[in-house]
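Participant: The lines below spell out each chain.
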Amino acid sequence: MEWETVIGLEIHAQLATRSKIFSASATAYGAAPNTQANLVDLGYPGVLPVLNGEAVTMAVRFGLATGAKIARRSVFARKNYFYPDLPKGYQISQYERPVVEDGSLEILLEDGTRKIIGITRAHLEEDAGKSLHEDFHGLSGIDLNRAGTPLLEIVSEPDLRSAKEAVAYMKKIHTLVRYLEICDGNMQEGSFRCDANVSVRPVGQAELGTRAEIKNLNSFRFVERAINYEIERQVALIEGGGKVVQETRLYDPDRGETRSMRSKEEANDYRYFPDPDLLPLAIDEATIEAVRATLPELPDEKAARFGRDHGLSAYDAGVLTASRELAGYYESVVQGLGGNAKLAANWVMGELSGALNRDGLDVAQSRVGAAALAGLLARIADDTISGKIAKEVFESMWSEGRGADEIIEAKGLKQITDTSEIERAIDEVMTRNPQQLADYRAGKDKLFGFFVGQVMKATQGKANPVQLNELLKRKLGG
Amino acid sequence: MHSLTVAELAAGLRAHRFSSLELTLHLLGRIERLAPELNAFITVTADRALDDARRADERLAKGEGGPLTGVPIAHKDIFCTDGIRTTCASRMLSNFVAPYDATVVERWRAAGTVLLGKTNMDEFAMGSSNETSHYGPVRNPWDPARVPGGSSGGSAAAVAACLAPAASGTDTGGSIRQPAALTNLTGIKPTYGRVSRYGMIAFASSLDQAGVLTRTAEDAALLLGAMAGFDPRDSTSVDAPVPDYLAELATPLAGLRVGVIREFFDKGLEPGVGKLVQDAIEVLRANGATVREVSLPALPLSVPTYYVVAPAECSSNLSRFDGVRFGHRCESPRDLRDLYERSRGEGFGDEVKRRIMTGTYVLSAGYYDAYYLKAQKVRQLIAADFARAFAEVDVVIGPTAPTPAFGLGAKTSDPITMYLNDIYTIGANLAGLPAISIPCGFVSEDGRGLPVGLQLVGPHFSESRLLSVSHHYQQLTDWHRRVPPGFE
Numbered sequence: 124m125e126w127e128t129v130i131g132l133e134i135h136a137q138l139a140t141r142s143k144i145f146s147a148s149a150t151a152y153g154a155a156p157n158t159q160a161n162l163v164d165l166g167y168p169g170v171l172p173v174l175n176g177e178a179v180t181m182a183v184r185f186g187l188a189t190g191a192k193i194a195r196r197s198v199f200a201r202k203n204y205f206y207p208d209l210p211k212g213y214q215i216s217q218y219e220r221p222v223v224e225d226g227s228l229e230i231l232l233e234d235g236t237r238k239i240i241g242i243t244r245a246h247l248e249e250d251a252g253k254s255l256h257e258d259f260h261g262l263s264g265i266d267l268n269r270a271g272t273p274l275l276e277i278v279s280e281p282d283l284r285s286a287k288e289a290v291a292y293m294k295k296i297h298t299l300v301r302y303l304e305i306c307d308g309n310m311q312e313g314s315f316r317c318d319a320n321v322s323v324r325p326v327g328q329a330e331l332g333t334r335a336e337i338k339n340l341n342s343f344r345f346v347e348r349a350i351n352y353e354i355e356r357q358v359a360l361i362e363g364g365g366k367v368v369q370e371t372r373l374y375d376p377d378r379g380e381t382r383s384m385r386s387k388e389e390a391n392d393y394r395y396f397p398d399p400d401l402l403p404l405a406i407d408e409a410t411i412e413a414v415r416a417t418l419p420e421l422p423d424e425k426a427a428r429f430g431r432d433h434g435l436s437a438y439d440a441g442v443l444t445a446s447r448e449l450a451g452y453y454e455s456v457v458q459g460l461g462g463n464a465k466l467a468a469n470w471v472m473g474e475l476s477g478a479l480n481r482d483g484l485d486v487a488q489s490r491v492g493a494a495a496l497a498g499l500l501a502r503i504a505d506d507t508i509s510g511k512i513a514k515e516v517f518e519s520m521w522s523e524g525r526g527a528d529e530i531i532e533a534k535g536l537k538q539i540t541d542t543s544e545i546e547r548a549i550d551e552v553m554t555r556n557p558q559q560l561a562d563y564r565a566g567k568d569k570l571f572g573f574f575v576g577q578v579m580k581a582t583q584g585k586a587n588p589v590q591l592n593e594l595l596k597r598k599l600g601g
Numbered sequence: 003m004h005s006l007t008v009a010e011l012a013a014g015l016r017a018h019r020f021s022s023l024e025l026t027l028h029l030l031g032r033i034e035r036l037a038p039e040l041n042a043f044i045t046v047t048a049d050r051a052l053d054d055a056r057r058a059d060e061r062l063a064k065g066e067g068g069p070l071t072g073v074p075i076a077h078k079d080i081f082c083t084d085g086i087r088t089t090c091a092s093r094m095l096s097n098f099v100a101p102y103d104a105t106v107v108e109r110w111r112a113a114g115t116v117l118l119g120k121t122n123m124d125e126f127a128m129g130s131s132n133e134t135s136h137y138g139p140v141r142n143p144w145d146p147a148r149v150p151g152g153s154s155g156g157s158a159a160a161v162a163a164c165l166a167p168a169a170s171g172t173d174t175g176g177s178i179r180q181p182a183a184l185t186n187l188t189g190i191k192p193t194y195g196r197v198s199r200y201g202m203i204a205f206a207s208s209l210d211q212a213g214v215l216t217r218t219a220e221d222a223a224l225l226l227g228a229m230a231g232f233d234p235r236d237s238t239s240v241d242a243p244v245p246d247y248l249a250e251l252a253t254p255l256a257g258l259r260v261g262v263i264r265e266f267f268d269k270g271l272e273p274g275v276g277k278l279v280q281d282a283i284e285v286l287r288a289n290g291a292t293v294r295e296v297s298l299p300a301l302p303l304s305v306p307t308y309y310v311v312a313p314a315e316c317s318s319n320l321s322r323f324d325g326v327r328f329g330h331r332c333e334s335p336r337d338l339r340d341l342y343e344r345s346r347g348e349g350f351g352d353e354v355k356r357r358i359m360t361g362t363y364v365l366s367a368g369y370y371d372a373y374y375l376k377a378q379k380v381r382q383l384i385a386a387d388f389a390r391a392f393a394e395v396d397v398v399i400g401p402t403a404p405t406p407a408f409g410l411g412a413k414t415s416d417p418i419t420m421y422l423n424d425i426y427t428i429g430a431n432l433a434g435l436p437a438i439s440i441p442c443g444f445v446s447e448d449g450r451g452l453p454v455g456l457q458l459v460g461p462h463f464s465e466s467r468l469l470s471v472s473h474h475y476q477q478l479t480d481w482h483r484r485v486p487p488g489f490e
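Chains as they are written, first to last, in my numbering: chain A, 124 to 601; chain B, 3 to 490.
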């Protein structure tokens, strides 16, 4: 039987506010345990939550960027359950009336087609603290620094049909929240993570299969692997005569498999009800328009502009707009170069990205700035150096921090464009290799490359390759 | 000195007829002698009181300070006090010392008051007789065999017995007004949002409101003014200016339109109580008010509505008492579940457990619509009834409680009978309206005079009007001047 996979993602993006969603505590990552938890975060008797307006603005930014409806009135609700890292015994979240509804975004599939993915809703909520079970023999520690950190939970429609689509969607959201500067996207620190709802059904069946929810996936690779494992597990289960049960599962990256955490029957009854400590969140038209006015150019708009104005392919435009910083870097290079976008794009995606990856750096930390790279590319454009020499110069720039011209000058890498000098080198090579010359002239065309190599060697690679080709052809031809 | 009103004490202090220290020592002496029998206080803060009084005297000597500088007060033990134990009358918090002051505490302190102590109450403010306290019941100064009402029973008993001239209270379903009625005091519950709830341990967040128990409406005006106002730490507090309640006491009675609530004169109302309330209404009519009957047909549903909404909120509010970070923790828990079950099982009393269970039930999947949502709808109907009445009258009026103080233990075995005590007071909480109870006479039972309360309810933010009507009534009557025998 042919199976179709249906996936929906719930992405938790930690909002990059300075203070928590309902208290004035700082949200910085990595502080000593419980040093960023005040009485509100600790759920002390008598204290009350006060909503952080910055978190609301960020949610509105996300809603506007995904073409969603911004609720004029949304409601905070309490999700009740007991756990030591949940100080109040309830989590403040939004349930029936979220702040953002009915958005969508477009993903680019590997085959070059585009697909619209629906965003059911995005709602504001507070994060819980952390239970630490490893460090204390026979005891559990609780760190409430994270308690009350603002989260935007972004829930997709079940529109995704493969693990690859799910990853493409998650990456797109990841790009978007960083463009909007509402989330740092740091997955190691848990700032961006997701739950995946996965089910399978026979192709052609309208009704959805029973789903399993895989919790807390914090890397793109894990999302892909966990979903693929889960698809195989469900198909094998059904084909073996079994039934998928609705349950929550955990992905074990070491074993590459998902395993059951709790079934539907064991699920908590969260007893949601509107939080009486908080008034309904009212957002008026003026606020929405003020936020809209601050939106940056979004990745899709930017990519379209790169295609239209720079002549880049959809793929290249997509790669270069994956982060706002990379796109900005690329645009600065183009500007410094005064055009020649294709050359800039190739270098940013090639040498620059390679060097950044190799050294584990962000584009913002690049050892070669956009202006410096433009300076190097200008020397290719004006034929001062060849592309091959340029790579050598780039490596020197990267390690020494000097400018391209300085390096070209100091190392004498300037391209030889003087025809007589190149001719002299050709003559010498021909004289030293009479046998090869005879063979070439007898019809062994392949030896052309040998002569190119010899001349380049004689000029330390500095001969202008176009001129060399032309002159060599003429000379060898006799 | 102890039977003087706050206004009289303030005048005496400013005229240097006595010092705050003398006054405080005198009241501490009375508390030491008389409070144990009444069980009015959970914690007496004598050292703090003397410090406060000395500081107040320094200011008074320099001619500084406001009208409340040097005036002793007591706080219901539901308000967090920095460095002083706050128990909420629960074993759960018997060891709890808050590291901060509630806004109400902070404001009264800033006004120069002297803190005598923290008063007894029903556990977590859940009760109408002050019999659910972990620290034992409070006795009514008018008859020690009877209850003072609840949940602010300790505050009521302390002021009625002249151990303190005024005390704070909280009112979720009548917890200021009903004890005020049962102990011959003036008790005001302001509009929801008028006083900050920050630092007031939550029972039912959408209903809880702080207020004050005093001997006169004038004192209530003074103390409410010092307590009310916007607080950015409470999202439900309202950002509106606080009127000068004292100045507005003078607003004349003439032209006041009074609506008598038909539904309050039902079969549950004791005839003697009803008679005194009618007499009080006559006093208002004779002095310029126009009186008519109004009907609030949804109001009789307030008790069942309240006993869905309040437990629902409390079941969630009290989840934080889990033995993990503060409060009672059981001995040597075996595991997490055991820690929760025994800490909460041992820490909470029966009435609190009953309400947590009721609230958990009404919020559960499959019951939410039938109970919680339905109750919210009825709540809107009740609010709409009041709004309709206020289109025609300025205040509505009726009894505060159906009976005078009842005997200790008389209603503890039957929660429903106990809940019906709040039948006239709950409506104002459900609608978020300000309401006041003032003394309007005495009925005689077992040869003792027992006080009866008259209740006035007004539109949102009409505290000034409620206080001025009460003040005029108190100029025309002297019920509020009476002090229980043995406490003169």
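Hints listed in this document are in silico derivations from the structure and should not be mistaken for laboratory results. Cβ atoms here follow ideal geometry from the backbone N, Cα and C, with glycine treated the same way. Among the hints, a few may not be true.
What the hints assert, rightly or not - Listed below are several chain B residues computed to face chain A (Cβ distance under 10 Å; list not exhaustive):
hint	residue
1	Leu27
2	Gly31
3	Ser96
4	Ala206
5	Gly231
6	Phe232
7	Arg235
8	Cys332
9	Ser334
10	Leu341
Stated by the list, open to error - Label-pair distances were calculated between CB atoms; the ranges are:
hint	chain 1	residue 1	chain 2	residue 2	range
11	A	Pro376	B	Ser415	56 to 66 Å
12	A	Glu412	B	Ala288	27 to 37 Å
13	B	Arg327	A	Ser383	28 to 38 Å
14	A	Ala329	B	Ala389	23 to 33 Å
15	B	Ala393	A	Arg195	26 to 36 Å
Participant: Could you tell me which of the hints above the structure violates, numbers in ascending order?
Facilitator: 1, 2, 3, 5, 6, 8, 9, 12 and 14
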